[in-house]
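Visitor: Sequence:
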Amino acid sequence: IGGVEEDYYRYASSSSSSSSSDRHPYPAAAAYKTPLGADAVNVPLVCENRATPSSSSAAAEAADDDECAAEADHFSALGLPLSYDVSPPALKSTYRSLMSELHPDRHAGIPEEEKGRMGERAAAVTRANDVVGDDMLRAEHLLDLAGMGLDERDGMELVGPELLMEVMEIRETIECTSDDPQLKSLLDENKERIASTVNALGAAFAANNYPEARHLTAKLRYWRRIEEGIVEKIGSVE
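First residue of the sequence shown? That's 2 in our numbering, and the numbers climb one at a time after it.
Each hint should be verified, as a subset may be incorrect.
Taking lysine-lysine pairs in the DSS-like style, the calculated list, with each CA pair at most 25 Å apart, reads [to be verified]: (1) Lys93 to Lys192; (2) Lys234 to Lys185; (3) Lys116 to Lys185.
Calculated directly from the structure, the hints in this document are not laboratory data.
Could you build all of it, start to finish, from the sequences and the hints given here?
Guide: Here it is as structure tokens:
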């Protein structure tokens, strides 16, 4: 959770030194336009050349052959459509199927160079699974693909002083609490914050409302940091 106080005071300082007319509330959104100049709020995440494989085998081929399957596009690496709503069981099944196809035992007779490429693909699939399977990393990745990725400065301005103050107060409560049941209660409360934010993120991405998705992703980052702080404190108490 470290750095929240600095975020708050940097925000207050920047707000006092710049008028609201000088600063766009979503800096990246101001710069990100469609070819037709439409506002980013309604820009769908679509790749015209994206393959839509009907089997895990086709998905494995798409990861190499599809023009959109760049290393940074973790959805392409898994043969999945760009969407925030991901079914954990379906993702798990897709990952296992792809890794089974890429397993060295199934390609024992191929040249060493090809084995190296298969290993690289397996590594890409594993990394993609880690990103797409995580609520916060998935949101950040979708924003990156849309050209609207977050940095720390964006996060501070997106959430605003009220949430920063709330986070500071929660942090102080955590630091003053040494009772394990109370810490676990704080953890449960924070899990509800995370769940609520994740649900809102699903709605924002479904509506192609990327400014709102950026705001919620920045918010989720703070809830995740609080979660990490509580878990660390529980570990020290135990």
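Visitor: Taking 25 Å as the top limit, are the C-alpha atoms of Lys234 and Lys185 close enough?
Guide: Holds, at roughly 10 Å.
Visitor: Holds or violated: are the alpha carbons of Lys93 and Lys192 at most 25 Å from each other?
Guide: holds (23 Å)
Visitor: Would the pair Lys116 and Lys185 pass a check requiring their Cα atoms to be no farther apart than 25 Å?
Guide: Status violated; Cα separation ~47 Å.
Violated hint for the displayed structure: number 3, the only one.
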